[in-house]
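Student: Sequence:
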Amino acid sequence: MMKEAEYTKDFGKRLEQKRDRTGFPRSVFFEITHRCNLRCRHCYVVPELGRRELTTSEVKSIFDQLVDAGCLHVTLTGGEPLVREDIFSLIDYARRIGLFIHLFTNATLITPPIADKLKEFQLISLEISFHSLKKERFDWFTQDSGSFDKVMRAIELLRERKLKLALKINITKANLDEIENLKGFVKDLEVIPEWTTILMPRSDGSKDNLTLRLEPEEVLKVDKMVFPESIDRGDSPPEKTWEDEEPTRNCMKGRLFQCGAGKKGLAVSPYGELKPCLELPSSGYSILDGSLKEGWKILGDRVESFKASPENKCLDCKLRDFCSSCPAKARLECGDMNCCPDYFRQLAELNAQKLLNC
11 MMKEAEYTKD FGKRLEQKRD RTGFPRSVFF EITHRCNLRC RHCYVVPELG RRELTTSEVK
71 SIFDQLVDAG CLHVTLTGGE PLVREDIFSL IDYARRIGLF IHLFTNATLI TPPIADKLKE
131 FQLISLEISF HSLKKERFDW FTQDSGSFDK VMRAIELLRE RKLKLALKIN ITKANLDEIE
191 NLKGFVKDLE VIPEWTTILM PRSDGSKDNL TLRLEPEEVL KVDKMVFPES IDRGDSPPEK
251 TWEDEEPTRN CMKGRLFQCG AGKKGLAVSP YGELKPCLEL PSSGYSILDG SLKEGWKILG
311 DRVESFKASP ENKCLDCKLR DFCSSCPAKA RLECGDMNCC PDYFRQLAEL NAQKLLNC
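Each residue of the sequence shown is one higher than the last, beginning at 11 in the working numbering.
Check the hints yourself; a few may be wrong.
Once the Cα atoms are required to be at most 30 angstroms apart in a straight line, the calculated DSS-like pairs of lysine-lysine come out as [to be verified]: (1) 160 / 144; (2) 70 / 129; (3) 183 / 172; (4) 273 / 197; (5) 178 / 144; (6) 217 / 145; (7) 144 / 183; (8) 70 / 172; (9) 364 / 183; (10) 273 / 231; (11) 127 / 197; (12) 273 / 144; (13) 217 / 323; (14) 144 / 193; (15) 160 / 145; (16) 364 / 217; (17) 231 / 317; (18) 273 / 70; (19) 160 / 178; (20) 231 / 323; (21) 317 / 307; (22) 303 / 317; (23) 193 / 234; (24) 307 / 234; (25) 70 / 303; (26) 217 / 197; (27) 178 / 234; (28) 145 / 183; (29) 144 / 217.
Keep in mind that the hints were calculated from the coordinates and are not lab data.
Please work from the sequences and hints to get the whole structure.
Tutor: This is the structure we're talking about:
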């Protein structure tokens, strides 16, 4: 009889072979709604007022098409997924047709009955946005008085039901002083911390939220505090600088997109539109006017057609292997997918020097 580890390895190999045959991602992000009961100061999502979101039957149809295409995992995000009155019907349907569901939530709407339902659904992961251990500061982040108490109660309800939780913690200028306390908090709760310092302009191009974004030097300090094992590799002096480095990533025929957007990554908007990733705008293709498989091919061809402009400095940049910028981030930062955002260049320079110092 095949041992469990061997079966898991074999199962994973067969899944990868299926993905190679179909070309469709095994995991997809589904923005189930852009509506939210909070107005978090750092959030990049801006609802498109007046647009009709997908109906229950339309979402279920997309779930069917995802299964038919070979998708296994669907992450429901928003907005706040729990504001949809049909959310439990949708999750139940997705599970019954064989999809593994991951849920991103702010947790403020979780009551004992809702916690019971989430337990029943056996979610693969449940990630909660968490901003501060200080009640007043947390409520300031969300612009909703009482949100801290609601989230703390939700965490208690979910832990009582033995659900595996992760806390998504975005470190900003407003909670930078809480890192050690937050580390202790997640350790005591025995929940998974999802640390991030990424803070992007809003989807409508506004940048008022960037007043909360850490300076590049602060980002490195945070990295050292929350990921010490990846930073403290030694204290020997550097023998070279990043200027001596050559980019090692393979530049794919001058393509603008060097990532998996539109190739291995896919997102579905609340309106049924396909996107190469969450940070990019709609491709203009709606599943409602065609099919998921047709849209996936069109999306891939469209992404493939984007070529780096002569002004693009990224493809030959010596900082490429240290940089977290991409066309999606460049578009949000400066309105041009070919631009080199100054913020990310500064961060890349610091990252390069840090790693070469190790």
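Student: If a hint holds in the structure, say so; if it does not, say that too.
Tutor: Do the hints match the structure? See the list:
Taken as a hint, the residue 160 and residue 144 pair is honoured in the structure, with Cα atoms around 13 angstroms apart against an allowance of 30 angstroms. Distance hint between residue 70 and residue 129 is fulfilled; the C-alpha atoms sit about 21 angstroms from each other, no more than 30 angstroms. Only pairs whose Cα atoms come within 30 angstroms are accepted, and residue 183 paired with residue 172 is rejected, the gap being roughly 33 angstroms. Taking the CA atoms of residue 273 and residue 197, the gap is about 37 angstroms. The hint is violated against a cut of 30 angstroms.
Between the alpha carbons of residue 178 and residue 144 the distance comes to roughly 16 angstroms, so the proposed pair stays at or under 30 angstroms and holds. Restraint check: the Cα-Cα separation between residue 217 and residue 145 comes to about 26 angstroms, which is no more than 30 angstroms; the hinted pair holds. Restraint check for residue 144 and residue 183: satisfied, since their Cα atoms lie roughly 14 angstroms apart, inside the 30 angstroms limit. Of the pairs offered as hints, the one joining residue 70 and residue 172 holds, with about 29 angstroms between alpha carbons and a cut-off of 30 angstroms not exceeded.
Distance hint between residue 364 and residue 183 is fulfilled; the C-alpha atoms sit about 22 angstroms from each other, no more than 30 angstroms. Of the supplied pair hints, the one linking residue 273 and residue 231 is violated, its CA atoms being roughly 34 angstroms apart against a limit of 30 angstroms. Restraint check for residue 127 and residue 197: satisfied, since their Cα atoms lie roughly 26 angstroms apart, inside the 30 angstroms limit. Straight-line distance between C-alpha atoms of residue 273 and residue 144 comes to about 42 angstroms, which puts the hinted pair past the 30 angstroms bound.
Taken as a hint, the residue 217 and residue 323 pair is honoured in the structure, with Cα atoms around 24 angstroms apart against an allowance of 30 angstroms. For the hint linking residue 144 to residue 193, the alpha-carbon distance of about 14 angstroms falls within 30 angstroms, and the restraint holds. Between residue 160 and residue 145, the direct Cα distance comes to roughly 11 angstroms. Compliance with the 30 angstroms bound is thereby established for this hinted pair. For the hint pairing residue 364 with residue 217, the CA-to-CA distance comes to about 29 angstroms; that is within 30 angstroms, so the pair holds.
Distance check on the hinted pair: residue 231 and residue 317 sit about 36 angstroms apart at the alpha-carbon level, beyond 30 angstroms; violated. Straight-line distance between C-alpha atoms of residue 273 and residue 70 comes to about 24 angstroms, which keeps the hinted pair within the 30 angstroms bound. With a CA separation close to 16 angstroms, the supplied pair residue 160 and residue 178 stays within the 30 angstroms bound. Of the supplied pair hints, the one linking residue 231 and residue 323 holds, its CA atoms being roughly 27 angstroms apart against a limit of 30 angstroms.
The suggested pairing of residue 317 with residue 307 holds, with an alpha-carbon distance near 18 angstroms, which does not exceed 30 angstroms. A C-alpha spacing of about 24 angstroms is found between residue 303 and residue 317, which places the hinted pair at or below 30 angstroms, so the restraint holds. Our distance criterion of 30 angstroms between C-alpha atoms is met by residue 193 and residue 234, whose separation comes to about 13 angstroms. Proximity of residue 307 to residue 234 is assessed by CA-CA distance (about 41 angstroms); at most 30 angstroms being required, the pair is judged violated.
For a cut-off of 30 angstroms, the pair hint linking residue 70 to residue 303 stands: about 16 angstroms separates their Cα positions. For the given pair, residue 217 sits about 34 angstroms from residue 197 by alpha-carbon distance, which is inconsistent with the 30 angstroms threshold. At roughly 18 angstroms between alpha-carbon atoms, residue 178 and residue 234 fall within 30 angstroms of each other, so this suggested pair holds. A hinted pair counts as satisfied when its Cα atoms are at most 30 angstroms apart, and residue 145 with residue 183 qualifies at roughly 17 angstroms.
The hinted pair formed by residue 144 and residue 217 meets the criterion: a straight-line CA distance of about 26 angstroms does not exceed 30 angstroms.
Hint compliance for this structure: hints 3, 4, 10, 12, 17, 24, 26 are not met, and every other hint is.
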